[in-house]
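Chains as they are written, first to last, in the numbering used here: chain A, 1 to 310; chain B, 1001 to 1249.
Hints are computed from structural coordinates only; laboratory data are not their basis.
The C-beta atom is built at its ideal place from N, Cα and C for all residues, glycine as well.
Take the hints with a grain of salt, since some may be wrong.
Claimed, not checked - DSS-like, lysine-lysine: derived pairs with alpha carbons at most 27 Å apart: (1) 1020(B) with 1225(B); (2) 1225(B) with 269(A); (3) 153(A) with 1050(B); (4) 272(A) with 299(A); (5) 1231(B) with 269(A); (6) 272(A) with 1225(B); (7) 1241(B) with 1202(B); (8) 1241(B) with 1032(B); (9) 1032(B) with 272(A); (10) 1109(B) with 1020(B).
To be verified - Some residues of chain B that are not near chain A, with every Cβ distance over 12 Å (derived): (11) 1002; (12) 1070; (13) 1170; (14) 1175; (15) 1191; (16) 1196; (17) 1197; (18) 1198; (19) 1199; (20) 1205; (21) 1206; (22) 1233; (23) 1246.
Said to hold, decoys possible - Just so you have them, the derived chain B footprint on chain A, three or more residues with Cβ under 8 Å: (24) 155 to 164; (25) 233 to 247.
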Amino acid sequence: MACLVIAEHDNAELKPATLHTVTAAAAIGGDIDVLVAGSGCGAVGEAAAQIAGVARVLVADDAALEHHLAENMAPLVAGLASNYSHVLAPSTTFAKNFMPRAAALIDAQQISDITEVISPDTFVRPVYAGNAMATVRSSDPVKLITVRTTAFKVAELGGAAPVEAAPAAAESGLSGFVGRELSKSERPELTSARVIVSGGRGMQNGENFALLEALADKLGAAVGASRAAVDAGFVPNDYQVGQTGKIVAPDLYIAVGISGAIQHLAGMKDSKVIVAINKDEDAPIFQIADYGIVGDLFKVVPELTEELGD
Amino acid sequence: MKVLVAVKRVIDFNVKIRVKSDGTGVETANVKMSMNPFDEIAIEEAVRLKESGAAEEIVAVSIGVQQCQETLRTAFAIGADRGILVVTEEPPEPLAVAKLLKAIVDEEKPDLVLLGKQAIDDDFNQTGQMLAGLLGWAQGAFASKIVPADGKIVVTREVDGGLETVSLDTPAVVTTDLRLNEPRYASLPNIMKAKKKIIDQKTPADYGVDTTPRLTTLSVAEPTKREAGVKVDNVAELVAKLRDEAGVI
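Produce the complete structure using the sequences and hints provided.
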């Protein structure tokens, strides 16, 4: 048995999602290789080599892989797959784009978004927006898997795996990268933040999110939002926490003016501690919150920021 | 341009899911079924392409039980021109669906295939990418904007951290994200007209596709429930609890 983990990175830095995925691979067993596919990504390869438990790092450094276009990534992953029993990648938009395409190329039925490894062929995964958990067994000879990163701990560092060159990639010529608009923020990323302050429809408008930003600055937190707040145009799409947005599991999640639609709960219910601030004492969010304050957020949030001041 | 759209019949998104007591699946008896919301967005986008003059014909495809006819009628009421229903007893897995769609694409020769990015029942998020792989076509997954231009299709994709834009050679496969559009409500005259549109019935055998599942569902369980905690009276008490009891700040 041997696992290949596809590293998520931006050609400069290894993303934490990779470390969670290595832990999932370790739960399956066997040697773990990591593939770093990109352009000018040598430093990422060096970083991956430091993950404890990794046997070998393969670096595919090619201009065709710079933007991780699915048309170029999938054949590379599919070509390497036959050397392994399992190929794993984080269940993020990075890998969700090319992994199913690679699975189709080797005639495998991918297992998406696993939250638990029962045995090398049996896994637990959420269905119906996390309202049910299915235990599934795969009969495919090579199993392609995406991993819900919040369900697996971060792998430790301290390894020193050899770094080797992966087989060459090819430019498909089917698609071209035009551009990328990433939200700029000084704050931590939602999916890896230790604390998240999130706002909902109760924020009333985008300007009021400044209240949450002030609180987030005190806590070193990321700022998120419910789908209602995103749909109302208060904040950009990538703030969205929930089934159709980001799945998060920080140590502390502070839900402000969020009623707690199933859709939102599916994205944050695995947080260690949940705090709810809402003026409606019957809001569903209180049914899953560890600590709740019933009150006007425009009064409570500034007080909380003040109280944390020292 | 000819557009093919795949639509799936799923439990309506407003229904509260109940896991069967014997752990074999979720309760579907007497439960409202609807078109997968992401697929509705795909149909709406195809209709908008037709209205703008970029597309001439829209073919809707559904795969599953006989009642998927209703899902196709919904697609017709929004504006699809005709339908293909591949009848199966159980909904096939994404890989088998992608193989069936490839066979249909080989016959229909569309310039663009639109699909929802994922079905809200199995939450796999695979079929579109798999179909593009099997066809050897360009793909634009999780689209929030689709612009046909000069024989190419420019797709803005929703990715973690923001948006990414790619230019696809045609033919291409595009999967829709939530913010691509807001599907219209079908008008009564269009619902009536939808009843007359033609559905071509097929089986997987007609396409020579083996739909045997690769995954066996051993059990389906309720997720672990979170217990409700306590309500605190004021901010000072909250901070004390977070600091001393929970130890998270």
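Comparing the hints with the structure gives:
At roughly 17 Å between alpha-carbon atoms, residue 1020(B) and residue 1225(B) fall within 27 Å of each other, so this suggested pair holds. Under the criterion of a C-alpha separation no larger than 27 Å, the hint pairing residue 1225(B) with residue 269(A) is consistent with the structure, at around 9 Å. The hinted pair formed by residue 153(A) and residue 1050(B) fails the criterion: a straight-line CA distance of about 48 Å is larger than 27 Å. Annotation: proposed proximity of residue 272(A) to residue 299(A) holds, straight-line Cα distance about 26 Å (limit 27 Å).
About 18 Å separates the Cα atoms of residue 1231(B) and residue 269(A), which keeps this hinted pair within 27 Å; it holds. A hinted pair counts as satisfied when its Cα atoms are at most 27 Å apart, and residue 272(A) with residue 1225(B) qualifies at roughly 13 Å. For the hint pairing residue 1241(B) with residue 1202(B), the CA-to-CA distance comes to about 62 Å; that exceeds 27 Å, so the pair is violated. With a C-alpha separation of about 44 Å, the suggested pair residue 1241(B) and residue 1032(B) falls outside the 27 Å cut-off, and the hint is violated.
For the proposed pair residue 1032(B) and residue 272(A), the alpha carbon gap of about 35 Å is over 27 Å, so the pair is violated. Our distance criterion of 27 Å between C-alpha atoms is broken by residue 1109(B) and residue 1020(B), whose separation comes to about 42 Å. Residue 1002(B), annotated as away from the interface, keeps every beta carbon of chain A farther than 12 Å; the closest lies near 19 Å. At the 12 Å boundary, the C-beta of residue 1070(B) stays outside the reach of chain A, the nearest C-beta of that chain being 21 Å off.
Non-interface status of residue 1170(B) relative to chain A is broken: a Cβ of that chain comes within 12 Å, the nearest being about 10 Å off. Listed as a non-interface residue, residue 1175(B) fails to keep its Cβ farther than 12 Å from every Cβ of chain A; the least gap is roughly 10 Å. Residue-level check passed: residue 1191(B) sits 27 Å from the nearest beta carbon of chain A, beyond 12 Å. The claim that residue 1196(B) is not at the interface with chain A holds, since no C-beta of that chain comes within 12 Å of its own (minimum 35 Å).
Every CB of chain A is more than 12 Å from the CB of residue 1197(B) (nearest about 31 Å), matching its label as outside the interface. No beta-carbon of chain A is positioned within 12 Å of the beta-carbon of residue 1198(B); the least distance is around 30 Å. Consistency note on residue 1199(B): stated as away from chain A, and its beta-carbon is indeed over 12 Å from all of that chain's, at 27 Å minimum. With a least beta-carbon separation of about 19 Å from chain A, residue 1205(B) lies farther than 12 Å from that chain, consistent with its non-interface assignment.
For residue 1206(B), the non-interface assignment is confirmed: its Cβ lies about 21 Å from the closest Cβ of chain A, beyond the 12 Å cut-off. Not every CB of chain A lies more than 12 Å from the CB of residue 1233(B), the least distance being 8 Å, so the non-interface label is violated. A cut-off of 12 Å between C-beta atoms contradicts the statement that residue 1246(B) is not in contact with chain A; the least separation is 5 Å. Only when three residues or more bring their CB closer than 8 Å to a CB of chain B does the claim for the stretch 155 to 164 of chain A stand; here the count is 0, and the claim is violated.
Only when three residues or more bring their CB closer than 8 Å to a CB of chain B does the claim for the stretch 233 to 247 of chain A stand; here the count is 5, and the claim holds.
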